[in-house]
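Let the hints inform the model, and build the full structure from the sequences given.
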Amino acid sequence: MVAWSDQERSIITSIFSNLDYNDVGPKALSRCLIVYPWTQRYFASFGNLYNADAIKTNPNIQSHGTKILHGLDRAVKNMDDIKSTYAELSVLHSEKLHVDPDNFKVGPGAPAAPRTPSLLSDCLTIVIASKMGSGFTPEIQATFQKFLAVVVSALGKQYH
Amino acid sequence: MVKWTEEERRIVRGVWEKVDIDEIGAELWARALIVYPWIERYFGSFGDIFTTTAILNNPKLAALGKVVLSALDTAVKNIDNFKAMYASLSRQHYEKIKVDPDNFRLLAECITITIACKLRAELSPQVQATWQKFLSAVVEAMSSQYKLKKKKKKKSRPDQTWRKFSIE
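Chains as they are written, first to last, in this note's numbering: chain G, 1 to 160; chain P, 1001 to 1168.
Hints may be right or wrong, so weigh each one.
[As the list claims (entries may be wrong)] With a Cα cut of at most 27 angstroms, we get these calculated BS3-like pairs of lysine-lysine: (1) G:LYS131 - P:LYS1003; (2) G:LYS131 - P:LYS1066; (3) G:LYS146 - P:LYS1133; (4) G:LYS131 - P:LYS1018.
Hints in this document: simulated from the structure, not taken from any laboratory.
Given below as structure tokens:
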């Protein structure tokens, strides 16, 4: 069971309450597809992803990016039980989307190869950092990365 | 050998021009130690690094940040052949400091995030992609002198399995 201090809770809720999900979500997802192009394989049905401009203006990517942020919002509102909040989403990622389960392992024993949900959370971190500037202090970064690590771990839980 | 297009060289130099080594150097290790606290094990001689305030104000960490960024400066200015220049640095980290090479990747992430906070929207996806390609090359150069122990080859013995089935 993940424990959250009051300060950590307030950091996470404060970050998310200052976000425009329609802006940050699409930015994070399109950044992931541009910086880590192999992740495009999961979006083959989304239309034109042939270059950075196409990705940034692709309406399917934009609406999916917003959807991802709303998904994260559920974790923010249920920080004490992200694992069961995400049980259905984890099944979706394993059985429908077929995201490689190796991509969900975190910590020692995790594969050295790049991990897709971690890549997306890395891109989200960069988007938040560039938004908050010097306000994205080391402690805030540590708390945000802890939150995203719990989310990624919960997404990997239902694989069997 | 890593290949660089003219555009990529321009992007890396463009990012680097905006980096104030004093400013970014001071923040770099603070981020690494606060976000990845196990790195503390390498800093036994650095004094008080046990609270956020102590970390943020530790002069030895700030100085080491500048050392790291000066080494990065060498890589930016010698982008085609810094791997050879980094050999002795890599050997030092392997033989003397005994750093787990996975930590090079973590420090590179902290460098990128510190730069993202400074450059903000200027670190566009395409710029980030090129910058990260550069840092991956740096991480690889830093890991280049780490040796994997070769497994000893077992002497091959003649196949004896037929003995089990022979009729005496």
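Status of each hint after checking the structure:
1. G:LYS131 - P:LYS1003: 32 angstroms, violated
2. G:LYS131 - P:LYS1066: 25 angstroms, holds
3. G:LYS146 - P:LYS1133: Distance ~25 angstroms between LYS146 (chain G) and LYS1133 (chain P) Cα, so the pair holds.
4. G:LYS131 - P:LYS1018: 18 angstroms, holds
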